[in-house]
Amino acid sequence: MPKLPMLTLLKRFLSVVKQEGAGQAVQRAFEYVSRRVRGSGIGSVSLAAGSGAKASDQYLHGVWQALAQQEAFHVLQSPALERGRRQIAMIADLNLPQCRKYRVEQLAGFWRSRGVEFEYSHYQDIPRAARIMQHATHLMEYRLQTGTAADMIRYEARRLRLPILYDLDDPLFSVSAYETYRNMEALDPAMKSHFVSEAPKYLSMMNGADVLSVSTPGMAKHAALYTGRPVHVRRNFADAQTLQAGAAAMAERGDKDGLFRVAFASGSQGHEIDLGEIIKPLSEFIQADRNRRLMLIGHFDMTHLPDGLEAQVETVKFLGYDRYLASLTRANCTVMPLCDDAFNRCKSAVRVLDAASVGVPAIVADVGDLPTVVKDGETGFVAREQHDWMDALRAMAASPKIAERMGQKARSNLENHWQASDKPHIIAPELLEWVEA
Numbered sequence: 001m002p003k004l005p006m007l008t009l010l011k012r013f014l015s016v017v018k019q020e021g022a023g024q025a026v027q028r029a030f031e032y033v034s035r036r037v038r039g040s041g042i043g044s045v046s047l048a049a050g051s052g053a054k055a056s057d058q059y060l061h062g063v064w065q066a067l068a069q070q071e072a073f074h075v076l077q078s079p080a081l082e083r084g085r086r087q088i089a090m091i092a093d094l095n096l097p098q099c100r101k102y103r104v105e106q107l108a109g110f111w112r113s114r115g116v117e118f119e120y121s122h123y124q125d126i127p128r129a130a131r132i133m134q135h136a137t138h139l140m141e142y143r144l145q146t147g148t149a150a151d152m153i154r155y156e157a158r159r160l161r162l163p164i165l166y167d168l169d170d171p172l173f174s175v176s177a178y179e180t181y182r183n184m185e186a187l188d189p190a191m192k193s194h195f196v197s198e199a200p201k202y203l204s205m206m207n208g209a210d211v212l213s214v215s216t217p218g219m220a221k222h223a224a225l226y227t228g229r230p231v232h233v234r235r236n237f238a239d240a241q242t243l244q245a246g247a248a249a250m251a252e253r254g255d256k257d258g259l260f261r262v263a264f265a266s267g268s269q270g271h272e273i274d275l276g277e278i279i280k281p282l283s284e285f286i287q288a289d290r291n292r293r294l295m296l297i298g299h300f301d302m303t304h305l306p307d308g309l310e311a312q313v314e315t316v317k318f319l320g321y322d323r324y325l326a327s328l329t330r331a332n333c334t335v336m337p338l339c340d341d342a343f344n345r346c347k348s349a350v351r352v353l354d355a356a357s358v359g360v361p362a363i364v365a366d367v368g369d370l371p372t373v374v375k376d377g378e379t380g381f382v383a384r385e386q387h388d389w390m391d392a393l394r395a396m397a398a399s400p401k402i403a404e405r406m407g408q409k410a411r412s413n414l415e416n417h418w419q420a421s422d423k424p425h426i427i428a429p430e431l432l433e434w435v436e437a
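Going by UniProt numbering, the sequence shown opens with residue 1, and the numbers climb by one from there.
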């Protein structure tokens, strides 16, 4: 593609402003610069290194200057009022697969099912982010912190008079949560210092938005300690992909081999500390019968296991969501201990949803949103005391049919109560009104 002189480009831009309006001119400018700057196709997360990435840091500056010089910078009416329709642009950190699934992709499906157009972009993909904002009536941001890209996106959103919602599912803004977060004990102290130093950047983004959405009531309560912005809950739920993938995994479940497996899934570093909360009764239970296994799925440092247990441990790496669910189907039950601290009280129940999708009951700590999703004694067990873990494990092992029936009820509860819906236990009415009113 030939590179045109800047003066020629500016003349063409101003000509379109006069003939077709600023909106059309900006759109064409985005399309041209996208082809010039980007190192990959539309929708890609990463930008090309070198000059392309550097140019993206100032991607909108020339457009802003040209609009200002022509006195066409300001949008005088809200796009939602002007266009009579709703379209959401979501700019997000898409690097974490679980976060992308539960806070971005399933939200896109939810709003599209309600007739609201929804497009999303990684925050570093500035050309795409800028393009989808031109068509939007509302901007949603997920897991962003202040920085060159986020600041430029936020500035453009205000120029376009877009109402802004900021979404978060971990208290990344909270120094008080980090300082009492037990999982940090398993990490390099430098990593904890890094997280603490980043917290103000997340809080700044929160306080610059019009409204906040978070994943649990516990998170909403904690966020209210840091911000005066309205905070509403949009829980994670079982989307169509989860239900379909779970059903497929159950259909392909292999024959039973006579082993009783207890699964523990860890999607990130540091959860050795959580398992440590119950490692004594869990080890006692596993080692009491040679036909019992502890199945560790994902990240886990085996040095945290007590002596003698490793012989009855199976390890499974995370190899994509479908493979993860397929691994879960081999388990008779799954355990989800959590340290009772400020960070974990904000936690959602996504692991419970995952297990229920393949008909596996969960034994969960009475922390965060876990006990909200589990019906104690029916779809799993809520362990409120230390002895509850052993009692629940023994009850399931004594009759594997009990665990099987609980798993079936967990799947049924998922389908009937924790699917995508506009019910208030899934999404606050205020968030529906924010978009649709």
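Hints were generated in silico from the structure; no laboratory data involved. Heads up, the beta-carbon is just placed ideally off N, CA and C, and yes, glycines get one too. Check the hints yourself; a few may be wrong.
To be verified - Calculated lysine-lysine pairs in the DSS-like style (CA-CA distance at most 25 Å, straight line): (1) Lys317 with Lys221; (2) Lys317 with Lys256; (3) Lys375 with Lys401; (4) Lys192 with Lys423; (5) Lys423 with Lys401; (6) Lys409 with Lys221; (7) Lys221 with Lys256; (8) Lys256 with Lys101; (9) Lys423 with Lys375; (10) Lys221 with Lys201; (11) Lys221 with Lys401; (12) Lys256 with Lys423; (13) Lys409 with Lys375; (14) Lys401 with Lys101.
As the list claims (entries may be wrong) - Across the chosen pairs, the derived CB separations fall in these ranges: (15) Glu284 with Asp366: 41 to 47 Å; (16) Glu117 with Arg405: 23 to 29 Å; (17) Thr227 with Asp307: 25 to 31 Å; (18) Glu314 with Arg114: 39 to 45 Å.
#### Entry: Contradicted hints - numbers only
1, 4, 5, 6, 7, 8, 11, 12, 14, 15, 16 and 17
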